[in-house]
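From just these sequences and the hints, can you work out the full model?
Chains as they are written, first to last, in the working numbering: chain A, 126 to 325; chain B, 126 to 325.
Worth double-checking, as some hints may not be accurate.
A pair holds if it fits inside one copy or across any two, identical chains being indistinguishable in the list.
[To be verified] Here are the simulated DSSO-like cross-link-like pairs (lysine-lysine), alpha carbons at most 30 Å apart as the crow flies: (1) Lys-144 with Lys-173; (2) Lys-292 with Lys-266; (3) Lys-163 with Lys-243; (4) Lys-243 with Lys-292; (5) Lys-243 with Lys-144; (6) Lys-205 with Lys-173; (7) Lys-266 with Lys-173; (8) Lys-266 with Lys-144; (9) Lys-163 with Lys-205; (10) Lys-163 with Lys-266; (11) Lys-205 with Lys-243.
Worth flagging that the hints you see were computed from the coordinates, not collected in a lab.
Spelled out, the chains give:
There are 2 protein chains.
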Amino acid sequence: MSRPPRERIIETARDLFRKHGLRGVGVDAIAEAAGTNKMTLYRHFGSKDELIAACLTEAGCEALREWDEWEAEFADDPMKLLHEWISCALSCAIEDPRGCDIANAAVEITEPEHPARKVIEHFKTEYRNRLARLCRQAGVKDAELLADALTLLVEGARVSWQSVGAKGPGARFVEISEAIVAAFARQAQLSADMNVSANI
Amino acid sequence: MSRPPRERIIETARDLFRKHGLRGVGVDAIAEAAGTNKMTLYRHFGSKDELIAACLTEAGCEALREWDEWEAEFADDPMKLLHEWISCALSCAIEDPRGCDIANAAVEITEPEHPARKVIEHFKTEYRNRLARLCRQAGVKDAELLADALTLLVEGARVSWQSVGAKGPGARFVEISEAIVAAFARQAQLSADMNVSANI
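Below, the structure is given as structure tokens:
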């Protein structure tokens with residue numbers, strides 16, 4: 126309760142939206158659970174839609190901060206980070222079977238003019254671009270394509286977990302992703318070998 | 126209006142759920158748009174949750190009927206059907222950027238005891254198993270793994286379309302899927318060649 130109301134409201138809203146869906150909980154319940162009132166909530170966010178946008182911004186920033194930490198930790202070995210990212214994507218999904226807040230919001234929000242739309246697009250694009258940069262740093266030849274493939278696989282794994290649970294197709298996410306990374310890495314090696322022979 | 130109320134209600138509900146989300150539209154609006162009343166709706170379905178389950182059952186049966194037609198059409202060439210499935214998965218997503226009703230429901234429905242949960246699990250499992258059977262018929266060695274990979278890619282493509290639009294990672298769904306099918310087919314060919322040489 127010692128933290129500022131804005132922080133408390135965002136934390137509470139993220140938790141309740143996750144449990145009940147964006148439309149499954151109203152501002153009254155959020156304000157009450159955050160130990161404040163609706164007027165304070167509206168003073169900080171203006172509307173429920175803006176509160177949703179603020180919650181997704183927080184979720185997106187969290188994911189990027191985690192990425193920054195990974196990059197610092199594995200700065201000298203991008204391929205190792207790529208493997209780490211794959212196994213972490215799986216463990217995140219196991220720990221939290223409700224999937225990705227931002228992707229879920231993309232499904233739940235049907236209005237094209239909702240203020241959260243731009244937040245969703247911004248963070249999903251940024252995350253995918255960081256993955257592409259990592260693939261390039263790891264020496265993958267077609268880094269853009271590998272980043273797209275891994276993005277589709279991880280998004281698919283999270284939605285599949287919500288449909289059929291942990292024993293469904295998502296259970297083999299790591300195996301599939303590692304096989305694809307290996308195929309792309311082989312291609313890069315092949316290409317490097319060819320350049321070496323061309324230079325002889 | 127000449128069709129039975131049950132059919133009219135399901136058709137209308139599917140359309141409205143798709144446009145506004147499962148929680149974005151109530152039974153009153155559905156009954157009115159279907160040219161009937163709430164009492165008739167409840168007599169046929171008992172509750173909004175059961176109506177949602179009935180709508181998803183209809184969507185699932187439609188997808189399986191389409192699959193039956195494909196199987197009949199490409200009975201003598203399962204590999205051709207696999208390619209057809211990939212290009213069709215893309216065109217379906219382009220035609221309907223709201224993605225898959227059943228996967229979307231898995232995200233929107235947060236209650237574990239919701240009657241739609243079993244419907245979601247049944248159809249997603251059946252569809253994935255048909256894809257695995259097709260991969261086996263097409264001579265793919267690790268058909269189960271390829272079916273899981275394609276399932277994750279198509280689920281990912283549909284949710285990615287909803288996050289970042291048609292120009293995001295989903296745009297390369299066909300390219301990625303075809304590359305993976307080719308890698309699996311090469312593996313099968315390699316294995317067949319090895320058997321031939323072992324038999325010589």
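For Lys-266 vs Lys-173, is the C-alpha pair at or below 30 Å within one copy, between two copies, both, or neither? Neither way: Lys-266 and Lys-173 sit 45 Å apart in one copy and 51 Å across, limit 30 Å.
Between Lys-205 and Lys-243, at a C-alpha cutoff of 30 Å, which is it: within one copy, between copies, both, or neither? neither (32 Å within a copy, 40 Å between copies)
Between copies, within a copy, both or neither: which fits Lys-243 and Lys-144 at Cα up to 30 Å? For Lys-243 and Lys-144, the Cα distance is within 30 Å both inside one copy (23 Å) and across copies (19 Å).
Check Lys-243 against Lys-292 for me: Cα-Cα at most 30 Å, and say if that holds within a copy, between copies, both or neither. Close across copies (15 Å), not inside one copy (34 Å); limit 30 Å.
Lys-163 and Lys-243: within-copy, between-copy, both or neither at 30 Å Cα: within (25 Å within a copy, 37 Å between copies)
How do Lys-163 and Lys-205 come out at 30 Å by Cα distance, when the copy is not named: within, between, both, or neither? Neither: 47 Å inside a chain and 59 Å across chains, both beyond 30 Å.
Should Lys-163 paired with Lys-266 be assigned to within, between, both, or neither, using CA atoms and 30 Å as the limit? neither (53 Å within a copy, 59 Å between copies)
How do Lys-144 and Lys-173 come out at 30 Å by Cα distance, when the copy is not named: within, between, both, or neither? both (17 Å within a copy, 20 Å between copies)
At most 30 Å between alpha carbons: which applies to Lys-266 and Lys-144, within, between, both or neither? For Lys-266 and Lys-144, neither the intra-copy (41 Å) nor the inter-copy (41 Å) Cα distance is at most 30 Å.
When Cα atoms must be at most 30 Å apart, do Lys-292 and Lys-266 count as within-copy, between-copy, both, or neither? between (33 Å within a copy, 21 Å between copies)
Evaluate Lys-205 and Lys-173 at a C-alpha cut-off of 30 Å and name the case that applies: within, between, both or neither. For Lys-205 and Lys-173, neither the intra-copy (41 Å) nor the inter-copy (49 Å) Cα distance is at most 30 Å.
Figure legend: structure checked against the earlier numbered hints; hints not met, in rising order: 6, 7, 8, 9, 10 and 11.
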